[in-house]
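2 protein chains.
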Amino acid sequence: MPKFMDVHTGMKGVTPQALKEAHQADLDIQADENVDFQRAWGDPESGMVFCISEAPSADAIRRIHERAGHPADEIYPVPVEV
Amino acid sequence: MPKFMDVHTGMKGVTPQALKEAHQADLDIQADENVDFQRAWGDPESGMVFCISEAPSADAIRRIHERAGHPADEIYPVPVEV
Chain P
1 MPKFMDVHTG
11 MKGVTPQALK
21 EAHQADLDIQ
31 ADENVDFQRA
41 WGDPESGMVF
51 CISEAPSADA
61 IRRIHERAGH
71 PADEIYPVPV
81 EV
Chain H
1 MPKFMDVHTG
11 MKGVTPQALK
21 EAHQADLDIQ
31 ADENVDFQRA
41 WGDPESGMVF
51 CISEAPSADA
61 IRRIHERAGH
71 PADEIYPVPV
81 EV
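Chains as they are written, first to last, in the numbering used here: chain P, 1 to 82; chain H, 1 to 82.
Calculated directly from the structure, the hints in this document are not laboratory data.
It is possible that some hints are incorrect.
The list makes no distinction among identical chains, and a pair is therefore deemed to hold if it is satisfied within one copy or across any two copies.
Below, simulated DMTMM-like cross-link-like pairs (lysine to aspartate or glutamate); rule was C-alpha separation at most 20 angstroms, straight line [as the list claims (entries may be wrong)]:
{"no.": "1", "residue 1": "Lys12", "residue 2": "Glu74"}
{"no.": "2", "residue 1": "Lys20", "residue 2": "Asp59"}
{"no.": "3", "residue 1": "Lys12", "residue 2": "Glu66"}
{"no.": "4", "residue 1": "Lys3", "residue 2": "Glu45"}
Because the structure is a prediction, the values reported are computed rather than measured.
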């Protein structure tokens, strides 16, 4: 399954609890699109959040994040990894 | 040790071998700044590369990436993680 990094730019002030809840909202519905959200990292100061996932397509990720209430600003396939 | 996500925007066409070599160039000198580069993901099409690391500061990461020949375009502390 392809890997993707998606980026959110508007999550200023994100707390550990808020990120946990946002991630859980994704996990609750990700099976609908066969997405596997693996990890997310957030910077409360800039509002940037980065999520790594495996998914059939960027659109599948886009739909899950939209339905969960936090649309991604950018989604990149990351077929190269070290 | 704080975690950081740094972003490179100009690595179009990055291959697995090229990313491996770039990462190794960081690893070879990271001890000078007490940085621990853990993983990197690249998108050859857009040229985006994302690196996760632990480091004493963003400047420490900046210096290592510069000396290794691939300066980071953005460096974010990511104290929040799920």
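Give the relationship of Lys3 and Glu45 under a CA distance limit of 20 angstroms: within one copy only, between copies only, both, or neither. between (27 angstroms within a copy, 14 angstroms between copies)
Evaluate Lys12 and Glu66 at a C-alpha cut-off of 20 angstroms and name the case that applies: within, between, both or neither. within (18 angstroms within a copy, 28 angstroms between copies)
Is it within a copy, between copies, both, or neither that the alpha carbon of Lys20 lies no farther than 20 angstroms from that of Asp59? neither (23 angstroms within a copy, 28 angstroms between copies)
Evaluate Lys12 and Glu74 at a C-alpha cut-off of 20 angstroms and name the case that applies: within, between, both or neither. both (17 angstroms within a copy, 17 angstroms between copies)
Hint 2 from the earlier list is the only one contradicted by this structure; the remaining hints agree with it.
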